[in-house]
Each structure stands twice: as C-alpha cells, then as structure tokens.
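Under our numbering, the residues of the sequence shown are numbered 1 to 135, in order.
None of these hints come from the bench; they were simulated from the model.
Beta carbons: idealized from backbone N, C-alpha and C, even for Gly.
Among the clues, some could well be false.
What the hints assert, rightly or not - Label pairs and their computed distance ranges (CB to CB): (1) THR14 / GLY113: 56 to 64 Å; (2) ALA17 / GLU43: 33 to 41 Å; (3) THR77 / VAL32: 32 to 40 Å; (4) ARG13 / VAL69: 55 to 63 Å.
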Amino acid sequence: MAARKSRPSLADRTPVAEWTAAALGLVMTLGVVGYTLWEGLTEDPGPPRLTVTAQTATPNGATHVVPIVVRNASHATAAQVEVRAVLRSPAGVSEERRASFAYVPGRGEARGGLVFRQNPAGAELDLSIEGYAEP
Numbered sequence: 001m002a003a004r005k006s007r008p009s010l011a012d013r014t015p016v017a018e019w020t021a022a023a024l025g026l027v028m029t030l031g032v033v034g035y036t037l038w039e040g041l042t043e044d045p046g047p048p049r050l051t052v053t054a055q056t057a058t059p060n061g062a063t064h065v066v067p068i069v070v071r072n073a074s075h076a077t078a079a080q081v082e083v084r085a086v087l088r089s090p091a092g093v094s095e096e097r098r099a100s101f102a103y104v105p106g107r108g109e110a111r112g113g114l115v116f117r118q119n120p121a122g123a124e125l126d127l128s129i130e131g132y133a134e135p
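Using the sequences provided together with the hints, build the complete structure.
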C-alpha cells in the first residue's frame with residue numbers, strides 16, 4: 001500500500017496577509033460593537049438641549065435675511081422646533097419673526113433663515129426657542 005502524503009497544516013496553507021486581514025476585520029468589528037454598546041448605555045435620557053444662534057445678515061432685495069442655526073447638544077431628537085426672534089432698532093421699531101424646524105437630530109443641527117424688513121446691523125436681535133415636540 002502506498003504511503004499517504006501528509007497535508008500541510010492550516011497555518012502553513014494560509015498566507016500571512018489573510019491572517020492579517022482576518023485580525024483587522026475582527027478588531028474593527030469588535031470596535032464598532034463596543035462603540036455602539038457604549039453609546040447606547042451612556043446616552044443621556046433627558047430632553048433635547050436646544051440653542052439658537054444668528055449669523056451675519058445678508059441683503060435680499062428690499063429685505064434682509066438672518067441665517068440661524070438650531071443646535072441640539074443632547075442625544076434626544078426634537079421635532080417641530082419653534083424659534084422666535086425679535087429685532088429691536090435703536091429708534092424703538094421692532095419686528096417679530098418665527099421659524100419652525102421640522103426636525104433637529106440628537107447631537108446635530110438644523111439651519112434656516114429669518115426675513116426682516118429693516119437692516120439688522122446696529123439693531124438688537126433676541127432669539128429664543130419657544131418649544132418642540134417629541135417625534
């Protein structure tokens with residue numbers, strides 16, 4: 001009877017590059033799973049923490065547009081966010097505007113704009129978050 005040839009072991013048959021790729025894939029998978037678990041376990045269960053800021057106004061024909069940014073510092077999502085703005089000029093004239101944002105994601109932001117008849121330069125602009133709904 002003929003002698004059987006011995007097969008090389010798995011370690012001998014598998015190239016080093018394949019082992020390296022498998023190890024890298026394992027590390028990446030464990031990293032993603034670990035990060036997902038960490039985010040889920042440390043999430044702040046509180047309400048959205050919303051802030052609104054104004055950017056530099058730009059003329060738009062006979063009006064002026066003030067871009068605004070609503071930021072959410074918490075993990076909770078906010079919907080139907082209502083922003084109120086009051087522009088008071090030194091002459092005592094005031095304009096009030098409102099803007100509604102359909103969705104502000106957790107740890108995210110939403111952008112919009114307010115349109116005023118008077119030039120906001122040199123005027124006082126008061127911005128506030130009026131309310132939101134839970135999606």
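**Study point:** Those earlier numbered hints the structure runs against, lowest number first
**Key:** 3
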